[in-house]
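Novice: Each chain, letter by letter, is given below.
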Amino acid sequence: MSDVRTINKINRAHRFLTDHLVTGLAVLSTVLVIIPLVAILVYLLYKGTTSLNLAFFTHVPAPVGESGGGMANSIVGSSVVLGLASLMGIPVGISAGVYLAEYGAGTHLGNLVRFTADVLNGVPSIVMGIAAYSLIVMQQKHFSAFAGGVALAIMMVPTVTRTTEEMLATVPHAIREAALGLGVPRWRTIFSVSLRTASPGIITGCMLAFARVAGETAPLLFTAFGNQFWSLNLNEPIAALPLQIYVYAISPYDEWHRLAWAGALVLIVMIMISVTLVRIFADRGILKGNS
Amino acid sequence: MTREREPEELIPAAPLVGGMTAAEIVGAPVSPVRAFLQGRGSSTFADKSFGGLMLLCALSIFAIVIFIASILVLRSRPTLHQFGFKFFIRSDWDPVSGSFGAFPFIFGTVATSLLALLIAVPLAIGVAIFITEMCPKALRGPISFLTELLAAIPSVVYGLWAIVVLVPIIRDLLGPWLEKYLGWTGLFAEPNFGIGLLPAGIILAIMILPIISSISRDVMKAVPIAQREAALALGATRWEMIRIGVLRNARIGIVGAVILGLGRALGETMAVAMVIGNRAEIPHSLFAPANTLASVIANEFSEATDDMYVSALIEIGLALFLVTIVVNAIARLLVWAVTRGNPARAA
Numbered sequence: 001m002s003d004v005r006t007i008n009k010i011n012r013a014h015r016f017l018t019d020h021l022v023t024g025l026a027v028l029s030t031v032l033v034i035i036p037l038v039a040i041l042v043y044l045l046y047k048g049t050t051s052l053n054l055a056f057f058t059h060v061p062a063p064v065g066e067s068g069g070g071m072a073n074s075i076v077g078s079s080v081v082l083g084l085a086s087l088m089g090i091p092v093g094i095s096a097g098v099y100l101a102e103y104g105a106g107t108h109l110g111n112l113v114r115f116t117a118d119v120l121n122g123v124p125s126i127v128m129g130i131a132a133y134s135l136i137v138m139q140q141k142h143f144s145a146f147a148g149g150v151a152l153a154i155m156m157v158p159t160v161t162r163t164t165e166e167m168l169a170t171v172p173h174a175i176r177e178a179a180l181g182l183g184v185p186r187w188r189t190i191f192s193v194s195l196r197t198a199s200p201g202i203i204t205g206c207m208l209a210f211a212r213v214a215g216e217t218a219p220l221l222f223t224a225f226g227n228q229f230w231s232l233n234l235n236e237p238i239a240a241l242p243l244q245i246y247v248y249a250i251s252p253y254d255e256w257h258r259l260a261w262a263g264a265l266v267l268i269v270m271i272m273i274s275v276t277l278v279r280i281f282a283d284r285g286i287l288k289g290n291s
Numbered sequence: 001m002t003r004e005r006e007p008e009e010l011i012p013a014a015p016l017v018g019g020m021t022a023a024e025i026v027g028a029p030v031s032p033v034r035a036f037l038q039g040r041g042s043s044t045f046a047d048k049s050f051g052g053l054m055l056l057c058a059l060s061i062f063a064i065v066i067f068i069a070s071i072l073v074l075r076s077r078p079t080l081h082q083f084g085f086k087f088f089i090r091s092d093w094d095p096v097s098g099s100f101g102a103f104p105f106i107f108g109t110v111a112t113s114l115l116a117l118l119i120a121v122p123l124a125i126g127v128a129i130f131i132t133e134m135c136p137k138a139l140r141g142p143i144s145f146l147t148e149l150l151a152a153i154p155s156v157v158y159g160l161w162a163i164v165v166l167v168p169i170i171r172d173l174l175g176p177w178l179e180k181y182l183g184w185t186g187l188f189a190e191p192n193f194g195i196g197l198l199p200a201g202i203i204l205a206i207m208i209l210p211i212i213s214s215i216s217r218d219v220m221k222a223v224p225i226a227q228r229e230a231a232l233a234l235g236a237t238r239w240e241m242i243r244i245g246v247l248r249n250a251r252i253g254i255v256g257a258v259i260l261g262l263g264r265a266l267g268e269t270m271a272v273a274m275v276i277g278n279r280a281e282i283p284h285s286l287f288a289p290a291n292t293l294a295s296v297i298a299n300e301f302s303e304a305t306d307d308m309y310v311s312a313l314i315e316i317g318l319a320l321f322l323v324t325i326v327v328n329a330i331a332r333l334l335v336w337a338v339t340r341g342n343p344a345r346a347a
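Chains A and B, in that order, are what the protein sequence lines are. Position 67, counted from 1, in the first sequence is what our numbering calls 67; the numbers after and before it change by one each time, with no gaps. Position 90, counted from 1, in the second sequence is what our numbering calls 90; the numbers after and before it change by one each time, with no gaps.
Keep in mind that the hints were calculated from the coordinates and are not lab data. No experiment lies behind these values; they were computed from the predicted model shown. Cβ atoms here follow ideal geometry from the backbone N, Cα and C, with glycine treated the same way. A hint or two may mislead.
Just so you have them, the derived chain B footprint on chain A, three or more residues with Cβ under 8 Å [claimed, not checked]:
1) 70-82
2) 168-177
Chain B is faced by these chain A residues, among others (derived, beta-carbon under 8 Å) [unchecked claim]:
3) Val4
4) His14
5) Gly24
6) Thr30
7) Val33
8) Pro36
9) Ala55
10) Phe57
11) Tyr99
12) Val113
13) Gly181
14) Thr217
15) Leu221
16) Phe281
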């Protein structure tokens, strides 16, 4: 009798020990994960803010050997390429999302499109770059901002599609039925009822896609290519912030590393600002088409 | 729904008071744009063409995939012709003499990805368990927020951090320590310059951690509470509850999350290209410089001058495209199998 009790006791102690051990391990792994993450953020903020100055926003990169210089042309160039990508990628993405949610829900074709979008989402960005290179740059025989825009646009489509679809799926059927019951055609219902109801979520999805491609370097390496000077011509190589950060980061000079950190901070802050701005506008209903 | 209806009809055209229409009473001239925006729209034609347009955009996603595949095949024809399948098992990469084989890069890709998974998977699952099962509510938000914030940092910034911080640490601290205590395994043979497979694997691990842990978290959350309660009611400790009730039900989804992380690691370019050392040889130790499929494209594309060289790099891109499509397809199917009806967020 007492034997059973001791065994039970040992067994119990063993089980609780394991329990505590695992709890400890889980806490430890969380701490281990958070340390490098916080380290990266703090390092970025520290290095970035101490390296920023006004010249960074007003000057083009200085030639090798000279100090100073900034990334003004890269900031503008990034905006151009990203604007181009959004113009091409977002409408196609939203339309495909509309198809998935409103027309193709539950059909084989719909499922196939959804699956393809998810898979396309996981294709490495460098592949998009090399595809845009093969398609446009090799054809035209020169690098161009346009090719960079196409590469980024292709990357935006699947993300926008999936979020649009998910957001449209949350719109209650009763609203659609009400509109249809009043004799409003289907396309009008989708435009003014479904899309409008889901617009805050869709806009957030578009901004997520935007934020994701805004930091991409690999697709731009041999499409937009980078440029040390001012250029707004879509048919010429154009500077971009991530490219300039890359060039400076792999250089051996401390001065250029400093500029790379400043560029990294500016890039992330710019992404965050544009995301927040769009959210504010979306909340106020300006983009919802309220008059 | 098919009835023709002019926009003006919405505002009654019949004279109301003293021969004035409603629009005139309101006093606003109705512009065509405004009439269109406020009207209900019309006609089967518009309906059909709108539906067709949406379908076209949806099909464009297929078109993109097919188009990428075909253009890459087209542009890599020179090497496809000359080397055939042997391209992937030859280990000779000599652009000067026009001899190309991708095996060193395949080796480098597999080695860095496995190293990254080895580091990231236990940590990610630990974090997911901590957040879903143990974490006090007040901490849950900040930890999730932090991991999502890290997913937003561009890979070139990770690369910059790796060059400035990680490489010196490996060169001066971690490397000598590993060599002293684990040197007998042969994995950590000198010389150690700080760049090579090891920093590439570590930076990859940091980058794929958020995606693995957030999807594992979603999958674990999808396990019904009743399973946990049942385990606890039978007297299980918390760990036993997690093991029996949660992990066993979520294991397929967690495997899916790991494979998604693998897909990310296989294709990650910039951060790896910046620290891996760019060398077309099969590395003999974790300190040795190497190259992955993705990093060789980024590192050497600007040097590629002749057609064969470009074609070889494009063929590597094609291989990367096909491999990541297969890996991601498997991962998606696994994650879907678990979170059916409650899909994991697009990552």
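Novice: The structure should be examined with respect to each hint, and the outcome stated for every one.
Specialist: Evaluated hints:
1. 70-82: violated (count 0)
2. 168-177: violated (count 0)
3. Val4: Violated - the Cβ of Val4 of chain A stays beyond 8 Å from chain B, reaching only about 16 Å at its closest.
4. His14: His14 of chain A check fails; min Cβ-Cβ to chain B is 10 Å, beyond 8 Å.
5. Gly24: violated (10 Å)
6. Thr30: holds (5 Å)
7. Val33: Since the shortest Cβ distance to chain B is 5 Å, the answer is holds.
8. Pro36: Holds - the Cβ of Pro36 of chain A comes within 8 Å of chain B, reaching about 5 Å at its closest.
9. Ala55: The hint is violated - Ala55 of chain A has no Cβ within 8 Å of chain B, the shortest such distance being about 20 Å.
10. Phe57: violated (19 Å)
11. Tyr99: This interface hint holds because 4 Å falls under the 8 Å limit.
12. Val113: holds (5 Å)
13. Gly181: Constraint on Gly181 of chain A not satisfied, violated at 10 Å.
14. Thr217: Given a least distance of 4 Å, the restraint on Thr217 of chain A holds.
15. Leu221: holds (6 Å)
16. Phe281: Where the cut-off is 8 Å and the nearest Cβ of chain B is about 19 Å from Phe281 of chain A, the hint is violated.
In terms of the numbered hints stated before, the structure departs from hints 1, 2, 3, 4, 5, 9, 10, 13 and 16, listed from lowest to highest.
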